[in-house]
Amino acid sequence: MYSYSEFDHAFLAARNAQFRAQVQRRIDGSLTEDEFRPLRLMNGLYLQLHAYMLRVAIPYGTLSAAQMRQLALIADKWDKGYGHFTTRQNIQYNWPKLPDVPDMLDALAQVNLHAIQTSGNTIRNVTADHFAGAAADEIADPRPVAELLRQWSTDHPEFQFLPRKFKIAVTGSDQDRAVIRAHDIGIQIVRQNGEIGYRIIVGGGLGRTPVIGKVINDFLPQADLLPYLEAVVTTYNLLGRRDNKYKARIKITVNENGLDTFRELTEARFAEIRPLFKGMDQDALAAIAAQFAPPAFLHKDTAAYDTTYQADPVFRAWADTNLHAHRADGYAIVTVSLKAHGQTPGDASSDQMRLLADLAEAYGHNELRISHEQNVILPHVHKSDLPALHAALKTDGLATANVGLISDIIACPGMDYCALATARSIPVAQQIAQRFDELKLEHDIGPLKIKISGCINACGHHHVGHIGILGLDRAGVENYQITLGGDGTQDAVIGERAGPGFAYDEIVDAIERIVRAYLDLRETPEETFLQAYRRLGAAPFKDALYPEASRKNAA
Amino acid sequence: MSRPFTPKVITANALLEGDVVYFTPQDNWTRHMSEAELIEDEAHAQVRLLDAERQQNQIVGAYLADVAKGPNGPEPTHFREDFRRTGPSNYFHGKQAEVA
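If you're matching them up, the sequences are chains A and B in order.
Oh and the first sequence: position 395 is 395 in the UniProt record's numbering, straight run, nothing missing.
Oh and the second sequence: position 20 is 20 in the UniProt record's numbering, straight run, nothing missing.
It should be emphasised that the hints constitute simulated quantities derived from the structure, not laboratory data.
Wrong hints could be hidden among the right ones.
Unchecked claim - Straight line, CA to CA, 25 Å or less: simulated DSS-like cross-link-like pairs of lysine-lysine:
#1 A:Lys97 x B:Lys95
#2 A:Lys440 x A:Lys394
#3 A:Lys278 x A:Lys245
#4 B:Lys95 x B:Lys69
#5 A:Lys80 x B:Lys69
#6 A:Lys247 x A:Lys165
#7 A:Lys80 x A:Lys394
#8 B:Lys69 x A:Lys77
#9 A:Lys77 x A:Lys97
Whole structure, please, built from the sequences with the hints as guidance.
If you want it as structure tokens, here you go:
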């Protein structure tokens with residue numbers, strides 16, 4: 001894991017002292033809210049519906065046990081004993097008080113964490129594949145690149161006032177678990193003729209105008225990464241619209257100017273600045289990469305795992321859904337579900353955080369990850385330790401066997417917390433999870449991603465949910481639109497709107513009708529919802545959703 | 001014909017705590033919507049909003065919210081204001097827990 005240099009420590013301390021003074025000046029009246037607002041946003045502090053909210057960056061989703069413990073301490077000391085993990089691998093505290101925030105930031109700095117650039121029109125927390133450094137199908141660990149980009153983008157003087165926020169994601173696998181095609185820039189580490197390089201995707205994004213990113217460069221040599229990205233962001237910074245907030249993201253810039261024009265301008269800028277990069281960036285990357293060396297994997301017998309797998313059906317169900325293939329022999333990647341049926345997706349209590357920290361130390365080479373799907377990953381667990389790990393997870397509601405299933409729902413905070421929301425998300429997610437748990441259909445249904453956003457900004461990624469739900473305010477009443485067939489992977493697709501929306505008390509029944517239609521229509525139990533949807537198209541699912549319209553058409 | 005004016009209250013978030021507050025006839029801020037000044041005249045609403053916005057050292061983001069006249073003072077007409085008055089629905093936190 002990356003550990004801070006003297007420079008990092010000094011920078012963060014200076015920045016936190018600066019913000020402490022800014023808070024003090026807001027409180028004593030020297031700064032107006034209009035003056036203070038951009039300053040607090042640069043430091044991750046929002047004002048939400050019921051309180052302030054502090055959004056803390058978890059760079060590329062990676063945490064040590066000590067960092068996780070500190071997050072728990074902050075939750076207990078200055079919040080209400082829990083935190084909310086987000087779709088950008090961040091954690092949000094929902095109840096901080098303004099005078100306490102400088103102390104919270106200092107406490108974060110003690111463990112090399114911060115809230116810088118988690119808001120504002122800057123380059124945001126760089127996200128990465130949550131299985132980085134562990135996945136069996138990985139070409140290279142994406143985190144050194146993500147850390148390099150974090151250092152490059154943090155306080156980058158040219159990129160503090162971009163036309164709009166800017167999100168970058170990195171993956172090192174063909175199988176895209178980081179939704180790189182829905183980012184302003186997506187980076188995929190690829191290998192061509194034995195050489196490692198990068199496929200650069202630009203102009204993806206969700207929100208009110210969902211766009212799948214386009215490949216601007218199919219193979220960028222390693223040494224060109226930073227100057228090329230700088231050229232992309234500079235081009236956007238000059239060309240991007242500042243007259244209309246809704247047309248300011250790079251996806252609009254690329255669409256309005258055309259990918260070819262955008263590429264030409266980028267290449268021209270790249271030619272200008274490439275000579276200025278004389279290798280210091282590559283030295284920095286190499287030094288960072290050395291800090292992400294894989295842990296010393298153990299060679300142990302896996303008999304304990306095999307025995308428990310055969311003997312314990314609860315363990316077996318969990319192992320079948322929550323484990324993924326690891327690159328090292330005898331190891332597994334464990335996804336700990338933060339989606340217990342009926343609970344708030346992505347929330348963890350301080351006790352749960354401490355338990356996860358303990359387990360990471362005991363069984364996980366001291367590493368934790370936060371996924372954009374709002375779960376916690378223990379990326380390196382030896383199979384022989386899985387029975388003990390599972391038993392420990394059970395003690396605090398962390399052993400739910402539902403990863404990738406219908407109750408593993410992404411949900412934004414929605415109108416329960418968010419000032420921008422137009423409807424609630426969390427209770428819809430809770431009710432769907434409970435419904436399918438009661439029906440005992442979840443494992444029979446198989447892989448199915450439901451994603452819920454409480455407004456058009458799409459923090460809940462509903463456009464790329466196999467079933468997406470968008471909560472809106474229709475004439476003062478909550479109303480939920482359904483999209484079908486979305487996909488956030490390497491085959492990214494924006495879901496198709498199914499038809500008129502549903503009321504709050506109708507939405508769970510509507511989802512059940514879609515799912516029951518799928519169960520009737522699938523050719524075999526192995527055919528997933530998404531496969532069935534792609535084979536059949538939307539029509540049979542719409543018929544199930546709107547039976548009355550369907551009957552009328554048939555008549 | 002102009003449309004009839006919907007009654008309003010002035011609401012904001014407290015500067016230090018961040019929680020929801022309402023402007024009273026005495027130029028104070030209360031945690032209870034029922035104690036807020038019910039404003040039934042459009043011109044008066046604009047004047048009172050200016051009064052409220054002058055208290056920058058106490059509040060953030062004052063605005064006029066639609067309400068209805070209830071037996072115990074103003075009542076929200078929109079679900080957003082109802083949530084702001086109550087707190088989140090997933091936990092018993094916020095106003096519902098703190099303002100008895």
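Do the hints match the structure? See the list:
For the given pair, A:Lys97 sits about 15 Å from B:Lys95 by alpha-carbon distance, which is consistent with the 25 Å threshold. Distance hint between A:Lys440 and A:Lys394 is fulfilled; the C-alpha atoms sit about 20 Å from each other, no more than 25 Å. With a C-alpha separation of about 37 Å, the suggested pair A:Lys278 and A:Lys245 falls outside the 25 Å cut-off, and the hint is violated. With a C-alpha separation of about 21 Å, the suggested pairing of B:Lys95 with B:Lys69 holds against the 25 Å cut-off.
For the suggested pair A:Lys80 and B:Lys69, the alpha carbons sit about 34 Å apart, so the restraint of at most 25 Å is broken. For the suggested pair A:Lys247 and A:Lys165, the alpha carbons sit about 12 Å apart, so the restraint of at most 25 Å is met. Proposed proximity of A:Lys80 and A:Lys394 is supported: the alpha carbons are some 23 Å apart, at most 25 Å. Taking the CA atoms of B:Lys69 and A:Lys77, the gap is near 40 Å; set against the 25 Å cutoff, the hint is violated.
For the proposed pair A:Lys77 and A:Lys97, the alpha carbon gap of about 11 Å is at most 25 Å, so the pair holds.
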